[in-house]
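A.B. asks: Below, each chain spelled out in residue letters.
There are 2 protein chains.
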Amino acid sequence: MSIAFDLPPAARRGQPADTIDTPSLVLDLDAFARNVDRMQAAASQANVKLRPHAKAHKCPDISLAQVARGAVGICCQKVSEAVPFVRAGIRDIHISNQIAGTAKAALLADLARHARISVCVDDPAQVDELAAAAQVAGSKLDVFVEINIGQGRCGVSDPAAVLRLVDRIAAHGPLAMRGLQAYHGGIQHLRGWQERRDAAAQAADRTGSIIARLEAAGVQCEVVTGGGSGSVEFDLRSGVYTEIQPGSYVFMDADYGSNAYTGTLRFEHSLFIASTVMSVAAGDRVVVDAGLKSMAVDSGLPWIWTDGAPSQMLDYVAANDEHGIVKTKPGNQAGVLPLLGDRVMLVPGHCDPTLNLYDEIVGIREGVVESIWPVAARGLSR
Amino acid sequence: MSIAFDLPPAARRGQPADTIDTPSLVLDLDAFARNVDRMQAAASQANVKLRPHAKAHKCPDISLAQVARGAVGICCQKVSEAVPFVRAGIRDIHISNQIAGTAKAALLADLARHARISVCVDDPAQVDELAAAAQVAGSKLDVFVEINIGQGRCGVSDPAAVLRLVDRIAAHGPLAMRGLQAYHGGIQHLRGWQERRDAAAQAADRTGSIIARLEAAGVQCEVVTGGGSGSVEFDLRSGVYTEIQPGSYVFMDADYGSNAYTGTLRFEHSLFIASTVMSVAAGDRVVVDAGLKSMAVDSGLPWIWTDGAPSQMLDYVAANDEHGIVKTKPGNQAGVLPLLGDRVMLVPGHCDPTLNLYDEIVGIREGVVESIWPVAARGLSR
Chain P
1 MSIAFDLPPA ARRGQPADTI DTPSLVLDLD AFARNVDRMQ AAASQANVKL
51 RPHAKAHKCP DISLAQVARG AVGICCQKVS EAVPFVRAGI RDIHISNQIA
101 GTAKAALLAD LARHARISVC VDDPAQVDEL AAAAQVAGSK LDVFVEINIG
151 QGRCGVSDPA AVLRLVDRIA AHGPLAMRGL QAYHGGIQHL RGWQERRDAA
201 AQAADRTGSI IARLEAAGVQ CEVVTGGGSG SVEFDLRSGV YTEIQPGSYV
251 FMDADYGSNA YTGTLRFEHS LFIASTVMSV AAGDRVVVDA GLKSMAVDSG
301 LPWIWTDGAP SQMLDYVAAN DEHGIVKTKP GNQAGVLPLL GDRVMLVPGH
351 CDPTLNLYDE IVGIREGVVE SIWPVAARGL SR
Chain Y
1001 MSIAFDLPPA ARRGQPADTI DTPSLVLDLD AFARNVDRMQ AAASQANVKL
1051 RPHAKAHKCP DISLAQVARG AVGICCQKVS EAVPFVRAGI RDIHISNQIA
1101 GTAKAALLAD LARHARISVC VDDPAQVDEL AAAAQVAGSK LDVFVEINIG
1151 QGRCGVSDPA AVLRLVDRIA AHGPLAMRGL QAYHGGIQHL RGWQERRDAA
1201 AQAADRTGSI IARLEAAGVQ CEVVTGGGSG SVEFDLRSGV YTEIQPGSYV
1251 FMDADYGSNA YTGTLRFEHS LFIASTVMSV AAGDRVVVDA GLKSMAVDSG
1301 LPWIWTDGAP SQMLDYVAAN DEHGIVKTKP GNQAGVLPLL GDRVMLVPGH
1351 CDPTLNLYDE IVGIREGVVE SIWPVAARGL SR
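So the protein lines, in turn, are chains P and Y. Start counting the first sequence at 1; every next residue gets the next number (the working numbering). Start counting the second sequence at 1001; every next residue gets the next number (the working numbering).
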């Protein structure tokens, strides 16, 4: 009963950007390249290593571009997520997370036969599970102790607990203690620049005090890794991080765009969802073809973007599964709604889970499709 | 530089259900089958056709099971979404939506060479675009005029506008006017049973009055399609629908589970996300491995499910990209948190966008993995 039927691609190289089928995830390649260069230059200038996070994009082409410009490797958040990056030739991957279960430990240890792999721990049982898996695979794993510097999610808070984990790691031949992970996700999204600066300073102080306690006990941290796109300008000057792991800076999103930036390290919106007006019947609103299945709204609705800046006329006011509702801004009653078939470019509220909805990123430059990059780790959340 | 490396599957047929790698989407096949049977029996008894919506699951195996039990065909919400269902042998598909753009019209007309295809319109330009595409493809398209019965999203409100669209459809040889689509998504999620009943009655009245106006003008509606999992018990008795298009009933979710049901047509939670506790370092909470990339939270956070019912002890209180925070319920200070490596089953807040995150559904029966069904239309939002 089954038949062969090919779904035409949304875009082909060389096609005018304004004819891409919608909804599609579109990357402004010039803005993207400037973002990649800007972060690398800032890290190099601060003499801090850059290990960009791949959880934001899940796209090996992006990681390869970052490594080609000087990144020392990448971060992944999940073990399975790392697989397409190892396949694509990335040879140094830090899993910035704890893992639980023998299946995941076995996969991690297997990956470590092909690339340098590190992972976080915050419990002795994790250490033992990793060691057993590495023993079976005949591989070596680098291990970071994650410390809680205020997020209250993963990581140990007590320096004595860190030391116990360091001892536990040392007891296992296939494991090597590499250093500390100190990440505070909540800081990234504090809106005020000073507020963010102060919170980052407090987190760095906590990190520094644990480093000092470890040094007093004779434990040197080769690497202290952490930081994100919202805190990186402070992290680079903190003196505690040897390595930063920002991810979203390559794209930015409406959430990061809502932060105040008075410092010099700024990034551009490079990521958009191209969508089309599919119904104008209601009269006082129009319906576009990008809804909850085309963007994550956990951090807010998307911005409508026109002429390279947020629209002064239109708001995306509601997301249904497959529909978005667009109205004129409340103060713009004279505003003109787009017409049936018109295109609307959206800046997603939150890039990471938005990328996780798409199988490809359509790269455009000067109005033409230049690249189609697979989001090869899409859906790899194990 | 690239290497070959296989990602092991999350589950294999015959494996104990409690050893599936996590996060994974798990379907209780017995509860699922009861839901499918219950809806078919209700529709058959009411002498109303059942055309289940595939946007909820995007999985051809589910549609084939529904058609095998008596469904007349399926609904899809997007043109590209229909492709894997046509491939799998579904031969009658209604696109319950407007489409915009020549690429989509061409794909739709091409699909109509392999299956009976219908689509909604609410603007004369859509009618002309469909006709032109069908002419090129040498196919026939069935067309529904969508009417706005209170949702205020797509659809025309004025009977005169319906009649103009009917005339426009009649002017094109490759198009056939099939009837009306009358759907009100907002009703589905009204919590109170009487509130939902009254809103459904009002929507049915609006539909009935437009049908009467069309009949007075000599236009017979062969099919009146609409209704969803939250309103179906009223829609079946409304006398206006010849066909219902519920989707979520096969799974249910925490949002639909929050509706009050005093009628006789009830469905069971059959869909779960299996997740694992990956960190217990914080002490007053645990972290599970399923966050925003493993579930949609637009309609609320997931329920934790234990022993076949919502947990009385634990709450999933926050979703980060790859983490979920689980605490004891406020009134249960004596509650015991799960241990590192323990499994937690979650009922997602909203099934449709959650399914759109997964490549497969792991079907279990009596504690054993019985089926692995591809979510073949995942990500097909064009």
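No lab work stands behind these hints, which were simulated from the structure alone. Misleading hints may appear alongside valid ones.
Said to hold, decoys possible - Computed from the model, here is a short list of chain P residues facing chain Y with C-beta under 8 Å:
#1 86
#2 92
#3 239
#4 242
#5 292
Claimed, not checked - Coverage of chain P stretches by chain Y, computed from C-beta distances (three or more under 8 Å per stretch; other residues unrestricted):
#6 71-84
#7 169-182
#8 246-258
#9 301-315
#10 318-331
By construction, the Cβ of each residue, glycine as well, lies at the ideal position given by its N, Cα and C atoms.
A.B. asks: Now, for every hint given, state plainly whether the structure supports it.
C.D. replies: Comparing the hints with the structure gives:
1. 86: holds, 6 Å
2. 92: violated, 13 Å
3. 239: Since chain Y brings no Cβ nearer than about 26 Å to residue 239 of chain P, farther than 8 Å, the hint is violated.
4. 242: For residue 242 of chain P, the interface hint is violated, since the closest Cβ of chain Y sits about 23 Å away, which is over 8 Å.
5. 292: Nearest chain Y Cβ about 5 Å off; hint holds.
6. 71-84: holds (count 4)
7. 169-182: Answer violated; 0 residues pass the 8 Å Cβ test.
8. 246-258: Violated: only 0 residues of the segment 246-258 of chain P have a Cβ under 8 Å from chain Y.
9. 301-315: Three-residue rule not met by the segment 301-315 of chain P, so violated; n is 0.
10. 318-331: Coverage by chain Y holds here, the residue count being 6 at a Cβ distance below 8 Å.
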